[in-house]
Amino acid sequence: MSRFASRPGGSAPGAGLGAPVGVSGPASAVALPDEGRPERREWLVFLRRLIARRTALFGLIVVAIVVVTALAAPLLSPFDPIEQDLGDLRLKAPGFRDDNGRMHLLGTDHLGRDLLARVIYGARPALLVGFAAVAISGLIGMAAGLISGYFGGRMDDVLMRLADIQLAFPFILLAIAVIGVLGPSLQTIIIVIGVSSWVVYARIVRGAVLTLREREFVQAALALGGGDGRVLLRHILPNVFTPWLVVATLDMARVIVIESALSFLGLGVQPPTPSWGAMLTAGRRYLGLANHLAIFPGAAIMLAVMGLNFLGDGLIDALDPKFRKLMR
Amino acid sequence: MKTFLLRRLLQSLVVLFGVSFIVFAILFLTGDPALVLLPPDASAEDVRQFREVMGFNDPFFVQYGRFLKGALRGDFGQSIRHGEPAFDLVVERLPATFELAGAALLLALALAIPAGILSAVRRNSPLDYVATVVALFGQSLPTFWLGIMLILVFSVQFHWLPSSGRGTMQHLILPAVTLGLFTTARITRLTRSGMLEVLNQDYIRTARAKGVNDPPVVWKHALKNAAIPIVTIVGIELGTLLGGSVITETIFAWPGVGRLSVQAIANRDYPVVQAAVFLLATTFVVVNLLVDIVYTYLDPRIRLR
Chain L
0 MSRFASRPGG SAPGAGLGAP VGVSGPASAV ALPDEGRPER REWLVFLRRL IARRTALFGL
60 IVVAIVVVTA LAAPLLSPFD PIEQDLGDLR LKAPGFRDDN GRMHLLGTDH LGRDLLARVI
120 YGARPALLVG FAAVAISGLI GMAAGLISGY FGGRMDDVLM RLADIQLAFP FILLAIAVIG
180 VLGPSLQTII IVIGVSSWVV YARIVRGAVL TLREREFVQA ALALGGGDGR VLLRHILPNV
240 FTPWLVVATL DMARVIVIES ALSFLGLGVQ PPTPSWGAML TAGRRYLGLA NHLAIFPGAA
300 IMLAVMGLNF LGDGLIDALD PKFRKLMR
Chain Y
0 MKTFLLRRLL QSLVVLFGVS FIVFAILFLT GDPALVLLPP DASAEDVRQF REVMGFNDPF
60 FVQYGRFLKG ALRGDFGQSI RHGEPAFDLV VERLPATFEL AGAALLLALA LAIPAGILSA
120 VRRNSPLDYV ATVVALFGQS LPTFWLGIML ILVFSVQFHW LPSSGRGTMQ HLILPAVTLG
180 LFTTARITRL TRSGMLEVLN QDYIRTARAK GVNDPPVVWK HALKNAAIPI VTIVGIELGT
240 LLGGSVITET IFAWPGVGRL SVQAIANRDY PVVQAAVFLL ATTFVVVNLL VDIVYTYLDP
300 RIRLR
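Sequence order for the protein chains is L and Y.
Counting in numbering that gives the first Met the number 0, the first sequence runs from 0 upward without gaps.
Counting in numbering that gives the first Met the number 0, the second sequence runs from 0 upward without gaps.
In silico lysine-lysine, DSBU-like type, Cα no more than 30 Å apart, as pairs:
1. Y/Lys-223 - L/Lys-321
2. L/Lys-324 - Y/Lys-1
3. Y/Lys-223 - Y/Lys-209
4. Y/Lys-1 - Y/Lys-223
5. Y/Lys-223 - L/Lys-324
It is worth saying that the hints were derived from the structure and are not from the lab.
Please build the complete structure, drawing on both the sequences and the hints.
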């Protein structure tokens with residue numbers, strides 16, 4: 000039972016309730032009590048706890064390396080990733096030196112392209128799709144979760160049923176079917192992944208909102224005449240940001256795997272643009288001849304995904320304990 | 000309990016209804032299903048005739064109604080490539096997919112539950128640390144790369160196991176390991192955290208204080224309660240497994256629904272794609288309904304609702 004009886008219907012979380020009845024009145028008439036910017040203080044605590052965890056720090060470093068690699072690809076890459084050499088440069092083993100004495104550290108692929116250069120440039124589509132898709136699904140999910148958790152009732156029922164429908168699909172299959180119709184391109188995969196991944200965000204945000212709605216500062220803001228919009232954006236949103244961030248981190252790992260899986264099936268990033276997944280397609284074909292073609296791009300995917308997973312896992316531990324339960 | 004189950008049943012029907020709508024609507028994403036289904040070099044006259052025959056000139060919802068009526072009777076139209084009913088083609092392949100997903104799930108449960116329990120009981124021991132890091136690592140391995148690496152080691156290098164096809168136990172090992180690893184990692188972590196939470200409960204402390212020895216506490220009191228979230232996740236993981244089977248079946252040439260649908264998409268054989276997506280989604284919904292029924296037996300608190 001809520002300790003604050005001022006808001007009728009505000010106690011039981013979940014379905015069956017109408018919109019909470021805020022105390023009506025001019026929203027700006029009373030200044031809300033100074034909360035001492037709790038977000039900022041909590042952020043510092045959060046960051047300190049994060050860095051204290053060794054696995055999280057490891058994850059953070061790996062993610063930073065991948066991001067820097069993607070941004071500085073032209074500076075880091077020893078060769079052009081697209082330039083082919085169909086002569087005697089094909090399928091050379093790692094450490095091979097060409098006629099000009101330049102070393103191909105990871106060898107060359109079936110079209111004589113430097114593998115290291117392609118692995119470095121491959122970070123770009125992976126991160127681009129990762130960030131863009133997470134931004135789309137994160138925004139949709141945040142909005143759905145806020146509305147669902149705060150207003151409850153019919154809206155909540157409809158949104159959660161939509162979530163069930165979404166979850167019932169074998170994701171990859173749905174993505175393949177849609178991309179099969181629309182044709183493969185970078186934009187298509189970003190939109191397909193982005194639009195169909197909002198459910199995890201919505202569920203976590205909804206759960207967090209349900210606990211926050213009963214908290215004193217939210218009750219106080221409502222009692223002082225804060226409208227629903229103001230309470231949602233100023234008081235609830237900043238507090239659901241950290242659980243949202245955890246989901247976004249872990250989800251980005253998933254999105255990178257999906258992007259490479261789609262590219263692996265030939266439905267993602269199209270050649271000659273280097274992409275880790277598409278490189279594995281060739282790697283699989285030449286498995287008996289030149290296994291470095293399959294080993295290194297896959298290792299790159301794993302490293303990026305692992306970094307994000309370790310970071311996300313550390314974020315869960317650094318999270319406020321009351322939200323930790325939601326993460327399962 | 001009856002109302003709970005009735006409500007869940009209704010929810011499942013709503014979900015299936017939504018699924019059928021999306022499966023149908025995919026064809027209309029570009030605006031013209033005739034152009035999606037026909038080869039790109041079809042003449043304008045062919046397109047016009049095809050539209051007429053398929054009824055694409057009817058209003059959208061009339062077409063959807065027709066699709067739904069067919070789908071309920073298991074009629075998704077003829078496969079464009081094979082000329083057989085699309086539904087039959089998919090149903091033929093279902094056992095292979097269930098075999099693979101089932102083997103992967105069994106493998107995951109057999110490894111993950113003991114690992115999770117040991118990890119929780121010996122919390123912060125080296126064993127716990129290793130299990131946690133291995134599980135995180137396992138969650139980070141992309142399925143298709145793991146599959147390729149397993150083929151590289153066990154088929155190409157040592158010739159121990161076949162890299163493709165279905166039939167014997169040997170054929171099942173590599174695909175099942177590939178598909179099951181992610182789920183193993185997930186369930187290990189869930190079992191660990193579930194057990195830890197239960198072990199910290201008051202009633203466990205009471206049992207211990209009353210002098211009950213450790214192993215019975217773990218087995219009798221804790222595991223039963225920790226099983227509840229595990230049962231739920233098994234239902235959800237089945238979705239991951241069915242989705243993952245698309246990739247795994249493609250890598251290992253496993254003759255299941257996943258591989259069939261990837262081929263169907265390449266061939267623009269959309270009746271088959273629709274039947275496959277619909278049947279896999281239905282499987283997922285039905286299994287999760289069953290999971291919820293099991294759940295009410297495990298957790299009496301739900302029965303009271």
